[in-house]
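Colleague: Our numbering numbers the first residue of the sequence shown as 4 and each following residue consecutively.
Don't read these hints as lab results, they were simulated from the structure. Don't take each hint at face value.
Unchecked claim - No more than 25 Å apart at the CA atoms, straight line, and that leaves these computed lysine-lysine pairs for BS3-like:
(1) K37 / K69
(2) K121 / K153
(3) K74 / K99
(4) K138 / K121
(5) K71 / K140
(6) K37 / K116
(7) K140 / K69
(8) K138 / K99
(9) K37 / K121
(10) K37 / K99
(11) K138 / K71
(12) K153 / K140
(13) K116 / K153
(14) K71 / K99
(15) K74 / K138
(16) K138 / K69
Said to hold, decoys possible - Beta-carbon label-pair distances, calculated as ranges:
(17) P83 / P49: 32 to 42 Å
(18) R158 / G16: 18 to 28 Å
(19) S70 / S157: 24 to 34 Å
All C-beta atoms, glycine included, are put in the ideal place defined by N, C-alpha and C.
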Amino acid sequence: IAAMIGTGCTETGAVYDCAGSSEGFNLCIPLPYKDERIRLLPNVTPGLWNAAVMIPESGRLLFNYKSKLEKDTCREWTYPEVIDFCFDNPNSEGHKILETLLQNSENAVSILKDVAEKCGIQFPDHMFVAGGQAKNKRWMNEKERRLGLKLEISRIPDAELLGDWKDANKG
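Using the sequences provided together with the hints, build the complete structure.
Modeller: Shown next, in the form of structure tokens:
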């Protein structure tokens, strides 16, 4: 809910990707559409709903690979270094992980496009991204290319924190 508020995805057709240790692609819809591929929750805007496609292990897979890489090389790696290494070494386990994550993201967006069509709304050409993954420019560039959507990242990528702040300061 805090990420929903922080990304401003409180109007019909708004889409956001809350991408941290797990990941959820979210679409604001005008009716409680039921589909076994999505998790449906009320939106913070009364009368609207949030359709989510969850990818529970997205960030965890990368975290585990980073830990393995650090153990194998006896040094600490930043996430930008890990992403660069994975993209620059197409035969690496890390590259396969990134490819899996990108395919999962493509699938999630495809499901939400289908939900949007069935709810009679147009799927936008852009998506807000929040969470730790939003802090990695190369990863976001590749994700944007693969998804065919303009990714919008706020100056505060941890939109759930921004949402908490907005909620706390509304009184």
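Colleague: Just pull the numbers of the violated hints for me, sorted ascending.
Modeller: Hints 1, 4 and 10 contradicted; others consistent.
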